Structures are given as C-alpha cells and as structure tokens.
Amino acid sequence: MLEKILLLFCLSSALAENLCRPDASNGYKVRLSIKRALGDEAYVWNQDEMFLFRATLAFAMRNHLSGQDFQVSNILVCDETPRVSFWFIVTSPLDATRPVGKEDVEEAIRKSRSRINSAFLLTDQTLEFIGIIPTLAAPVSPDTPPWLIVFGVVMGSVGAGIIVLLVYPVVHKRLKKDEEEEELEEEEGEEETRRVKTMENGAAGDGAHNLSFTDDERFTQM
Amino acid sequence: MAETADSGVKERAKWDNKAQYLLTSIGFAVGLGNVWRFPYLCQIYGGGAFLIPYLIALVFQGLPLLYLELAVGQRFRVGSIGVWKSISPLLGGVGIASMIVSFLVCIFYNTILSWVLWYFFHSFQNPLPWSQCPLNENRTGYNVECEKSTPVNYFWYRETLNISTDIETSGSMHWWLVVCLASAWCVVYICFIKGIESMGKAVYVTATFPYLVLTIFLIRATTLPGATDGLMYLFTPKWEILKNPQVWLDAATQIFFSLSVAFGGLISFSSYNPAKNNCERDAVIVGVINSATSIYASIPIFSILGFKATNVYNSCRMENILDLTNHFELAEQNITLENYDQWFDHLNSTYPDQVASLKLRPCDLQKFLDQSASGTGLAFIVFTEAVIEMPGSQVWAVLFFIMLFSLGLSSMFGNIEGILTPINDLKLLPNWIPHEVKTAIICMICFLTALLFTLSSGNYWVEVFNGYVGSVPLLIIAFFEIIGVVYVHGMKNFSDDIYFMTGSRPNIYWKACWMVISPLMLLVVFVAYVVVQAQKHPTYPTWNPNYDEFPETKVIPYPDWVFGIIILLCVVPVTSIPLVALYRLIRRVRSPDRGDLNNYCNEGFEIETQEQNNRRT
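These protein sequences, in sequence, are chains U and W. Under the numbering used here, think of the first position of the first sequence as 1, with each following residue one higher. Under the numbering used here, think of the first position of the second sequence as 1001, with each following residue one higher.
Bear in mind the hints are in silico, worked out from the structure with no lab data behind them. Just so you know, these numbers come straight off a predicted model, no measurement behind them. One should not assume that every hint holds.
What the hints assert, rightly or not - Simulated crosslink set (DSSO-like; lysine-lysine; CA at most 30 Å straight-line):
(1) W/Lys1359 with U/Lys29
(2) W/Lys1359 with U/Lys173
(3) U/Lys35 with W/Lys1359
(4) W/Lys1427 with W/Lys1194
(5) U/Lys29 with W/Lys1148
(6) U/Lys173 with W/Lys1014
(7) W/Lys1243 with W/Lys1367
(8) U/Lys177 with W/Lys1201
(9) W/Lys1018 with W/Lys1359
(10) W/Lys1427 with W/Lys1148
(11) W/Lys1438 with U/Lys176
(12) U/Lys173 with W/Lys1438
(13) W/Lys1148 with U/Lys177
(14) W/Lys1148 with W/Lys1359
(15) U/Lys177 with W/Lys1359
(16) W/Lys1536 with W/Lys1511
(17) W/Lys1018 with U/Lys177
To be verified - Each pair of labels, with its calculated beta carbon distance range:
(18) U/Val158 with W/Thr1575: 35 to 45 Å
(19) U/Leu148 with W/Gly1171: 38 to 48 Å
(20) W/Lys1367 with U/Gln68: 48 to 58 Å
(21) U/Leu94 with W/Asp1364: 43 to 53 Å
(22) W/Thr1575 with U/Gly156: 25 to 35 Å
(23) U/Phe51 with W/Gln1333: 22 to 32 Å
(24) U/Val158 with W/Trp1175: 16 to 26 Å
(25) U/Lys173 with W/Arg1505: 46 to 56 Å
(26) W/Thr1336 with U/Ser114: 41 to 51 Å
(27) W/Pro1352 with U/Ser114: 35 to 45 Å
Glycine included, C-beta positions come from ideal geometry on N, C-alpha and C.
Start from the sequences, fold in the hints, and give me the full structure.
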C-alpha cells in the first residue's frame, strides 16, 4: 500500500515536471527586466520572489475562473535562467496532471495584468509574458485641443492691438478737435472783453486777432 | 516721425535713430536660411573648408552689392522703382522685377512662418504631440503610417500638412493651416500698420531676440552628451572638397541669397536715412554680422545634431544589447554600452549562426551624423526629434519656434517693404486711401494668394517657389542693378554721390569689385546655375505611404505643366526689364521733344503743382 502511494506520488511529480518544459503547448514564457525598471533600487530575484510570482498568478487564475481554488502548487515553473526568465504552466486544482488551457491563462493574465505588475513594481515592458501583447493605454484627449487655447490667446492680443492702433488716432484726433473748438470759443470770449477794454485805443481792437502767437502747441504737431 | 498730416506736402518717413535702421537691415538679411541652410552647406561641403569659398564670395560679391544698394537708396531717397527710373527710365523695369519677386517670396515665406506658428502652438503640451504615435481605429496598435516611419515624420507630414502623394493631387484646403496663415499675416500686419514707425519698434525685439535664444541654445547644447561629436564633424575641414566647382557655386549663391539683395527692400530702408550717412560702414556691418550669425548659429545646431546622432547610436546599440541578452539568457546588464564590442565578438565567434539569425542593426555613428537635413526638414523633423530627448522639451521647443518666427518676421518686413514702397511710388493706389488701409489691402491679397499653400499639395508648391523664385530672377536683377549703376549712371557720378553722402570717395577695392569682379562673378554664377539646373529634368521627393520603400521619400519628376510654371516663375519677373525698356524706347522715338527721359523731371515740383490745384478747388 505504501509502495503504491509512493509510486503514485513519484509518477505525479514526474508528470508534473514533464508538464512544464520550454515550448510547452500550454505554457508561457515570462521575462523580467528588474534592473532596467528599478536601476539602483532593484531587488534580487530569489526563491521568495518566485513564490510571490506563483502566488500572484494563482490569484489571477482565481480571479478569472471564479470557483476554482487555485493554489501555489498549481503554478509550475521551470527553466529559470540568469536573465530572470522562466516558463510556467498552470494545472487545474481538481487534477494536477491536467494543464489549464492557454486561452484561459491568457485571459486571466490580461485581466489582472496591472495587479501582477504592481506586485513586482514593474511595467508592461519590463514584466513580459511572451505571446501576450499588453493592451495599449487610451490616449488622453482633452475636450479643447490645447493649441487652440494658445492660438486664441495670441490672436486675441494681436487683434486687440490692431484695433487699438487703428482706432486710437481717430479718437485722439476727435478729442483734440473738440478741445480746439472749446479753446477757440474761449479765445473769442476773451477777444470781446479785450475789445471792450481797449475801445479807447481803437487800433488794437481792429483787425483780425492773430492766433499764431497764443498757443504754440496746437499747430506744431511735429 | 511720419508724414505731417496738417501740411499738404508729404515728407518722407524717417528712422527714429540709426540703431533702428541697422537692426532692420540686419533683421532682413538674417533670416531662416542662416539657421537652416548654412549649417547644412557647411556640413556637406567639408566643414571648416567651406568657410573659404564663403568668405571669398562675401568679400568680392556680397559686400559690394550690399553697399551699392544701400548707397543708391540713400542717394535717391525713393524706393526701388524710383531709383532705377531716376538712373535711367529705360531701367525702370528692374524695380518692377524686384517688386514682383518680393511679392512671390512674401507669399511662400509667410506660409513657412505659419507652419512655425503651428508648431509653436503645439509646444505647450505634455507630452509633445510629435513624440508619440496615435493609436489606430480599433485601439489594438499604433497607426500604421506612424509605425513605419517615425512619430515626428508622421506629425509633420500627416497631422500638419496632410500631404498628398504628389504635386498633381491638390486635395482640399485645411482649415488649421488657413487659420495659422491668417494669424501669421495678422502679426505681419500689426507690425507694419504704421509703416516704418511701427516696424522700427518691432525690430528691437524681432532682430535681437534670435541672438538671445541662439546663445541660450549654445550654452545648453554644448553641455549635451554627443555635442562634441557633432561639432567636430561639422568643423573638421576636408580640404579636397574645394576642388569641386559645385562648392564655389553654392557658396556664391548662399551669400547672395543670404544678404537679401535685389529684393528692393534694402533700397527702401536706406531711402529713409538722412542724406549724409556713412553707408559704407553700414554695408560692411550688415554683411559681416550676417555671415557671423550664420557661423554662430551653426554651433548650437550642430551640437544638437551631434547629440541626436549619439542618442540614435546609443539606442541602436541598446536594442542590440537587449536582443543578445534575451536570446542568450544572460543576466541583465552584463552587456553594457562599454563592453558591447567585446561581448559581440565573443558571442559571434562562439555562436555565429545564432547571432546572424538575430539580425542585429548595424550601428554606425558616422552614418547617423551623415543624416543631415536642411530647410523645413531640419526645423520640423530633425530638430523636433532632438528636442524630445532634451530634459524640459517644451521650453526648448517654444524657444526654438519663437526664434524661427522672429527670424522670419524680420525678413518678412523687408519683403513687404519691397512691395509697399514701389506701390506708393508708382501711385498704384490713390492717395486718399490711408496708409493703414493700403497695407491691409496688400496683406489681404498676399494672404488670399497664399491659400494655395494650404492645400494638400501645398508643401510641394512651397518647394517649387523656394527653389526657383528666389534664385534665377534675383541673379538677373542684381546683374542689371550693378550694370545700371556702374555703367549707365556712371562710375564717376556714383563716386560723386558717395562723396556727397559719406565724405570720401570709394577706394580701389570697391571700384574694382563694382566694375569688374562682381558682375563677372554674377554672370559666372548665373550661367553655372542655369547649366546645372538644365542638365536634368527637375525632380522632387514625395511622401507616399504606399511606396515600397516607405518611409524613404519617392523621388519623381515634375509633370510638364508644373515645369512650365517653374519656367514662368523664373522668367515673368524679369520680363519687365526688357518690356519697360522697349516701352520707353518706343515713346522716346514717337515723341522726342517731350523730354520726359531727361534728368530734369523732378517729382518735387509735381507735388507742389498738385497742391496748388487742390488749394484752388
């Protein structure tokens, strides 16, 4: 009895080892580039990290195929290299000899990709599942294209400048004309009082009053 | 101050101070070509060795022509048409030719500025829009056209120009380009609204700002990794290239077009000077500063190109390193950029088949440095790509495009002046229209004509105009200018004019250049240029995504009707020279005693009689 159990055990573990091999039909290759991602803060890849990986993958399988209790022992890993790359295969929790289909594994990994990445502080490019293409992030497109905003600012100021430069001289001239008319009226008023004053002289009041000596600014506009 | 509005006699406008005049002339001469044409020529023609033909051309052709134009403008105190009519009515066509060339150059030059504005507006985003490819429709991957070429190329050819596959496919007008073109013309208008009053103030900024930006770039660029490779590549002289006559031809044409002579703008600018002004010193200053700017600009440009080439080289090698590491399952960062060569040799000797199967890209720094570009390719493709990899990309992009815009804007002032002043002199538009409205009409006509360049084939048309309008006609006009002044007006009269203006007669160097060397050089350059162009049917590169070797540009010949238009562009501006001469000869033959060909017909009296007429009515 004991021998039979031992034989079964050896057989199953042998089978399990046979299940996981490079280019297995139901397996995937994983490649990690820890130093590229983290530089000086890179952690060393050891068996504990491998345990975390198997646990994360078991979580991903549970997430996808709800109801099936995947354990760490269902994730078989082999062919580890110094590159930090290895092959893995997922076996069903109900039968350790039967691998789970490739599509299910792919779907599970796709669903939980960001969780797997963050468990290792890596990204889609540095934690690669060879054969599973990461979905691309949707581009951020604001409602108003930013260039229109800058354009609006620039053209607004240019347009305002044009209007100011065109309108200002016209308004300035009109204001000056009004001032001139007012001053002319004042001058005439002064003239009358002066005429009244110098009626005795007579000569000073006759003739046109020469305005050119009164206000210089009005005429020499240079 | 400008014209006095109260009195009836219109005084000629004048500069507020000498600095405005010098800055305007320097701004006109220093343009986009100094930044994106000269460094390219320097690079392909043997680096430091190119400076020799360039400086020889400057001394014997550029400076004499410049001095000549400034002197006649200052002496006769009218725009280009008036000057040539005063020298001899038979030469009146030279001024008209200048005006037509200025108009044609105006329209495509401002289109280039509108593209600069487009890039400037887009530089305020993070990340820069030309740094990544957009996704395709079903979001599974990147846009195919962008993947095959580069995001920078895609942004230029597709998102900016939306270019068609050849010049015959016109496509439709693109609203974003029309909007940018309208903005560019509005900016030109606001600077020109009050004539040289407003322009003179604008040049304080537009002429000096590029130097500030170039200095900032110089400091930044020389600290970038790989800058020294670029600089060494640029300035290492290759003396044997001087034996190639094409080098001398290109140096002469570069100096000529760089100084912006024969446009009529310089004549107009110097006509606003006081009568006694040392134009000899002005000419030398403008000419020397123009060439110095070209050389100064090539330093940061080439530092940045060296930085870009080094980056491409390093990323090429990093790709190879990654491929090797992945394939041979080596530990990360065992192979580094430093020991790449040893590892490669080791792996290649032990596993040659496997290494060959990886198809590694050959990475050659020289080849990447050789990928030079000039013109719009340099600014909108090569430089924008380099800017992405500099830290703080947005700042550098904004600075670069503002610099390009000011360089182009100050050159536009000269071009517009070359159109406006002859129109005022010819009195094509009645006098009661205010100056601002006349300027607006000219800008509107130019804008409407330039809408051609907003079509899908617009970029191809800009290249046609750029290559042919600004070349042959200018050479012919300059030749007639120099012959007109030296032989029709007479060297003695001209020497007297210069004595009156500067207080000393021109020395033997100037006389020798004007009488013999410069006309000869112009003739040789013109003939050589035409011969070189005529040897083959002109071709142009097209952007065709369906081409087999895409993203290489497909080079196809111009269709015949475009070739006809090219010939027209070269010939029509200069036809006015013989036409006007013929017209005047016929009039002289018909009515010999009218005496309108003599030098006694002074416009000054005409104005007074007009004024008297006005007073009477």
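Here's how the hints hold up against the structure:
1. W/Lys1359 with U/Lys29: Since the Cα atoms of W/Lys1359 and U/Lys29 sit roughly 22 Å apart, the hinted pair holds (cutoff 30 Å).
2. W/Lys1359 with U/Lys173: Status violated; Cα separation ~78 Å.
3. U/Lys35 with W/Lys1359: Within the cut-off at roughly 25 Å; holds.
4. W/Lys1427 with W/Lys1194: Given pair W/Lys1427, W/Lys1194 holds - Cα atoms ~18 Å apart, limit 30 Å.
5. U/Lys29 with W/Lys1148: Given pair U/Lys29, W/Lys1148 holds - Cα atoms ~28 Å apart, limit 30 Å.
6. U/Lys173 with W/Lys1014: Holds, at about 23 Å.
7. W/Lys1243 with W/Lys1367: The hint holds at about 24 Å.
8. U/Lys177 with W/Lys1201: holds (28 Å)
9. W/Lys1018 with W/Lys1359: The given pair, whose Cα atoms are some 65 Å apart, is violated under the 30 Å limit.
10. W/Lys1427 with W/Lys1148: Given pair W/Lys1427, W/Lys1148 is violated - Cα atoms ~56 Å apart, limit 30 Å.
11. W/Lys1438 with U/Lys176: holds (26 Å)
12. U/Lys173 with W/Lys1438: Answer holds: U/Lys173 to W/Lys1438 is near 21 Å, not above 30 Å.
13. W/Lys1148 with U/Lys177: violated (69 Å)
14. W/Lys1148 with W/Lys1359: holds (18 Å)
15. U/Lys177 with W/Lys1359: violated (84 Å)
16. W/Lys1536 with W/Lys1511: This hinted pair is violated, its Cα atoms lying about 38 Å apart.
17. W/Lys1018 with U/Lys177: Cα-Cα ~34 Å, so violated.
18. U/Val158 with W/Thr1575: 35 to 45 Å: Because 38 Å falls inside the window, the suggested range holds.
19. U/Leu148 with W/Gly1171: 38 to 48 Å: At roughly 23 Å between Cβ atoms, W/Gly1171 and U/Leu148 fall outside 38 to 48 Å, so the hint is violated.
20. W/Lys1367 with U/Gln68: 48 to 58 Å: holds (56 Å)
21. U/Leu94 with W/Asp1364: 43 to 53 Å: Roughly 58 Å apart at Cβ, these two residues miss the hinted range, so it is violated.
22. W/Thr1575 with U/Gly156: 25 to 35 Å: With Cβ atoms ~44 Å apart, the hint is violated.
23. U/Phe51 with W/Gln1333: 22 to 32 Å: holds (25 Å)
24. U/Val158 with W/Trp1175: 16 to 26 Å: Since U/Val158 and W/Trp1175 have Cβ atoms about 19 Å apart, the given range 16 to 26 Å holds.
25. U/Lys173 with W/Arg1505: 46 to 56 Å: holds (48 Å)
26. W/Thr1336 with U/Ser114: 41 to 51 Å: For W/Thr1336 and U/Ser114 the Cβ distance comes to about 31 Å; the hint is violated.
27. W/Pro1352 with U/Ser114: 35 to 45 Å: holds (42 Å)
Hint compliance for this structure: hints 2, 9, 10, 13, 15, 16, 17, 19, 21, 22 and 26 are not met, and every other hint is.
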